[in-house]
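> Heads up: the protein sequence lines correspond to chains A and B, in order.
For the first sequence, numbering that gives the first Met the number 0 assigns the number 0 to the initial residue and increments by one for each residue that follows.
For the second sequence, numbering that gives the first Met the number 0 assigns the number 0 to the initial residue and increments by one for each residue that follows.
These are calculated hints, taken from the structure and not from any lab test.
Short, incomplete list of chain B residues facing chain A, as computed with Cβ under 7 Å:
| no. | residue |
| --- | --- |
| 1 | G43 |
| 2 | E48 |
| 3 | I79 |
| 4 | E80 |
| 5 | T83 |
| 6 | Q92 |
| 7 | V101 |
| 8 | Q102 |
| 9 | C103 |
| 10 | S134 |
| 11 | C140 |
| 12 | G142 |
| 13 | Y143 |
| 14 | V144 |
In silico DMTMM-like cross-links for lysine to aspartate or glutamate, where the CA-CA straight-line distance does not exceed 25 Å:
| no. | chain 1 | residue 1 | chain 2 | residue 2 |
| --- | --- | --- | --- | --- |
| 15 | B | K70 | A | E113 |
| 16 | A | K575 | A | E540 |
| 17 | B | K97 | A | E16 |
| 18 | A | K295 | A | E422 |
| 19 | B | K97 | A | E13 |
If you want a taste of the chain A side facing chain B, the calculated C-beta under 8 Å gives, among others:
| no. | residue |
| --- | --- |
| 20 | G26 |
| 21 | S32 |
| 22 | M239 |
| 23 | L679 |
| 24 | I693 |
Note that beta-carbon positions come from the ideal geometry of N, C-alpha and C, so glycine has one too.
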Amino acid sequence: MGNATGQWYRYIGEKVENIDGYDKVTGQAIFFSDIEIPHMLHAAILRSPYPHAKILDIDVTAATRVPGVACVITSEDVPSTLYGPQRPDRNVLAREKVRFVGDEVAAVAAVDIETALKAISLIKVRYQQLPAVFDPCEAMQPNAVLVHDSAPRNIASFSRIVRGKGKDGFSECDVIVEDEFTTQRVHCLYLEPQLCVVDIDKKGNLTVYLPVQTPFLWRDEIARVFGLPLSKVRVVQVYMGGAFGGKLDTSTAMIATALALKTGKPVRVALSNDDELKYGFHRVPTKIHIRIGAKKDGTLIAKQVRIVADNGAYNSLAPKIVCTNMATRSDCLYRYKHVETEAYLVYTNKVPTSAYRGYGNPQITFAQESLLDELAYQIGIDPLELRIRNIHSVGETTIHGWQIRSSGLAKCLREGAQMINWEAPRPRFRGRGVACMIHVSGNRGKLDWDGSEVILRLHEDGSLVLLSGESELGQGVRTVLAQIAAEEIGLSIDDVKVLPVDTDVSPFALGPYSTKTTVLAGNATREAAQKLKAKILEYAEQMLSVPRAKLQVNNGKIVGADKEVSLKDFMSWYHKHEGRRTIIAHGVFEPGKVRISADNDFYGDISATYPLAAHFAEVEVDPETGQVLITRYIAAHDIGKIINFEGARGQIFGGVVQGIGYALMEELVYEDGTITNGELSNYLIPTSMDVPTIEPIFVESYDPVGPYGAKGIGEPTLIPVAAAIANAIRDATGIRFKELPITPEKIFMALKERE
Amino acid sequence: MCESSRMKIRFFLNGQAVTVYAEPGETLLSVLRQKLGLTGVKEGCQRGECGACTVLLNGRPVNSCLVLIPKVEGAHVLTIEGITPERGLHPLQRSFLKHGAVQCGFCTPGMIMSAYALLLENPDPNEEDIRTAISGNLCRCTGYVQMIEAIKEVAELNRKSDEY
Chain A
0 MGNATGQWYR
10 YIGEKVENID
20 GYDKVTGQAI
30 FFSDIEIPHM
40 LHAAILRSPY
50 PHAKILDIDV
60 TAATRVPGVA
70 CVITSEDVPS
80 TLYGPQRPDR
90 NVLAREKVRF
100 VGDEVAAVAA
110 VDIETALKAI
120 SLIKVRYQQL
130 PAVFDPCEAM
140 QPNAVLVHDS
150 APRNIASFSR
160 IVRGKGKDGF
170 SECDVIVEDE
180 FTTQRVHCLY
190 LEPQLCVVDI
200 DKKGNLTVYL
210 PVQTPFLWRD
220 EIARVFGLPL
230 SKVRVVQVYM
240 GGAFGGKLDT
250 STAMIATALA
260 LKTGKPVRVA
270 LSNDDELKYG
280 FHRVPTKIHI
290 RIGAKKDGTL
300 IAKQVRIVAD
310 NGAYNSLAPK
320 IVCTNMATRS
330 DCLYRYKHVE
340 TEAYLVYTNK
350 VPTSAYRGYG
360 NPQITFAQES
370 LLDELAYQIG
380 IDPLELRIRN
390 IHSVGETTIH
400 GWQIRSSGLA
410 KCLREGAQMI
420 NWEAPRPRFR
430 GRGVACMIHV
440 SGNRGKLDWD
450 GSEVILRLHE
460 DGSLVLLSGE
470 SELGQGVRTV
480 LAQIAAEEIG
490 LSIDDVKVLP
500 VDTDVSPFAL
510 GPYSTKTTVL
520 AGNATREAAQ
530 KLKAKILEYA
540 EQMLSVPRAK
550 LQVNNGKIVG
560 ADKEVSLKDF
570 MSWYHKHEGR
580 RTIIAHGVFE
590 PGKVRISADN
600 DFYGDISATY
610 PLAAHFAEVE
620 VDPETGQVLI
630 TRYIAAHDIG
640 KIINFEGARG
650 QIFGGVVQGI
660 GYALMEELVY
670 EDGTITNGEL
680 SNYLIPTSMD
690 VPTIEPIFVE
700 SYDPVGPYGA
710 KGIGEPTLIP
720 VAAAIANAIR
730 DATGIRFKEL
740 PITPEKIFMA
750 LKERE
Chain B
0 MCESSRMKIR
10 FFLNGQAVTV
20 YAEPGETLLS
30 VLRQKLGLTG
40 VKEGCQRGEC
50 GACTVLLNGR
60 PVNSCLVLIP
70 KVEGAHVLTI
80 EGITPERGLH
90 PLQRSFLKHG
100 AVQCGFCTPG
110 MIMSAYALLL
120 ENPDPNEEDI
130 RTAISGNLCR
140 CTGYVQMIEA
150 IKEVAELNRK
160 SDEY
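Please put together the full structure from these sequences, using the hints given.
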């Protein structure tokens, strides 16, 4: 398949089947929940029944006496070091007090799960209940009870960002609109719940089977918390049943490690789907007060935002999600002149909130894209036109310093509009909405070094082994890397084996999150492959007596000047002449040097690439029931360059359907600190019956930094969905729904009220 | 653990006669995974909501987490391992791969078994039939679209081969 640059690729951009696919369709794939180790103990967790309470004492005597119980642990048996993926504030087991219903208080390891649960039921805990805070606005009040003594007014994190004249910029505006938007708690609900299996040998070496997105970071965290040298902790991965950001944090790892160290035996700690819903982690719920001003010709001038977000009882990843990402990302779509944002992240006695596909961007995009339509209505211009007039072009720098090196957004908007027949008249209760998004792909944010390294090793038979620290979540990273390696070297992809992550063997990577792996690991693979090919040809030149400039590798054969030799035969020659050594090459890619924080006022070109998208929804609202039928959905994505065609389509379908759940269906409901619908039977997510016709449009803008021009697509596919649907419902009914999810009840009541 | 309540259950698994010893309260899911080593059938929600544990029981798709083992006495059970041929793949498996209908793969065996059951009962399903047949199988990764395409293609192939 050719492309605009005239380049022909065998694999890049093609329909290449998932290299893990055979294992998965035959049921051969071993997932973390399938792992069984001889003499493995099963663990159960005792959780707090109260949202906020002092732990007065814990009596485990009866529990330890249950036959088959190997050990019972409380905070006295584990390190007091706090842990957490961003700003550690969580105990391995609750110490002195519990801060949410579900907070882990004790754990039991036993011969089987029934015995462990029996022992749990015999643990006696005396609590002294404390007043609790559930609403972030109330929790911020001066006299509110503190969730953590170290956080006055329960502020877990705060940021204030001003660009240009800030809110004073509204004096330049002809039209100003303002409103408040509310987003809810949801769960990513990957099908395979969190678990951890820790194996331990007689020397205390730990092998940790941990389905996290960041295996190296958790290896480090386990070592740090338990005071172990890194070499004693090895994280090994197998197939993982989904992640979506929710597996960037884990509580099972710490408890499993504690139990394994205590018993000297392998231990399995596993949650159920219901545990996940009830106890963690949830998407950050927000109240976003937003004001946008423009000139009467539709030129956007100023934007002011105040975010109050619910952290839950412990930090997890919410601080950056809210105070960095939510506070800046959506601003970078348009040419605002003045921006002022205040973001408050507030502790409450509820389940910790964390990352879920979009990392804060879905929430703020919902608010901005919804309000922009209101602005368009006020001014009297088409919401589509308002966007087209104000989006950044290639070569521009956004208000927070992002450099737009590639953009297909204008094309996404035009083609999407055409496909959905944007201007065609529509009957009452049928409407169309549009929403845009911008995100990062290959950003800095975490450490002193945020890159990805890939190692390629040519096997004795001429096949290739690829080592990478990027976890396979189901998003298809292994296939993408195999495609790139096969493409660059000239091998068949069937001869490329990508090994699963093993922190003792794989080179370092942060891991897949923030839509970064295609750019970071993809570029690293490309570099490694080019180097490996150069080494092959250097030796082939000797073997064939043909100058290397005249040699090529095609389909596993070295060819040139009428000579041809398979890589297998080449390797035989190589071993005879160079000894039985392996041919290895390394590739590394790291994003640019800019990292943003309060220290540099959150300003900088933080990402290697910026993916963009425009989504269009067409809906039909039934006024009798409030039900929303999505009649058409167009997802137009600037993906830079497609690497795997069905993989990219799959990300669109998966993200849009998750977004439909977010927009219309899902909400975890709290009552007095307890979740009332924390079961799969009560927390409904989209099934095959809820999927509309989704039409993907791919715009290839050929980013100069991404591999072959590619930018990531994982998170972008969900980010604008709620806004596009809300805007379509607004067009259909004339009513602006500002609170997610937009349920039939809410629509019905609003329509009734209007009558 | 009360040893005396263990039962001897005999049934057909993927065409072969098997005998297991289990407590009456044990589920088919647990027996398949723990006692018979078939991990292709997945442990999902354990309450019959997600469909990851779908297998065929006498030709009908069931959530094996809800089937108590005594019920399986004398019955025919078919799992993903049972529809995989010695060489190659079943058309449903092949089609899922071709259409990119597999991401994390956790729902995949259950999904394919539901599709298999559909085609047994209705070799000529329309899109509505397909959506309904897999509506008890949750997937969070794929958005279902490519799965529906994959099943459609197999149905189409069946239709064409019937026309011979």
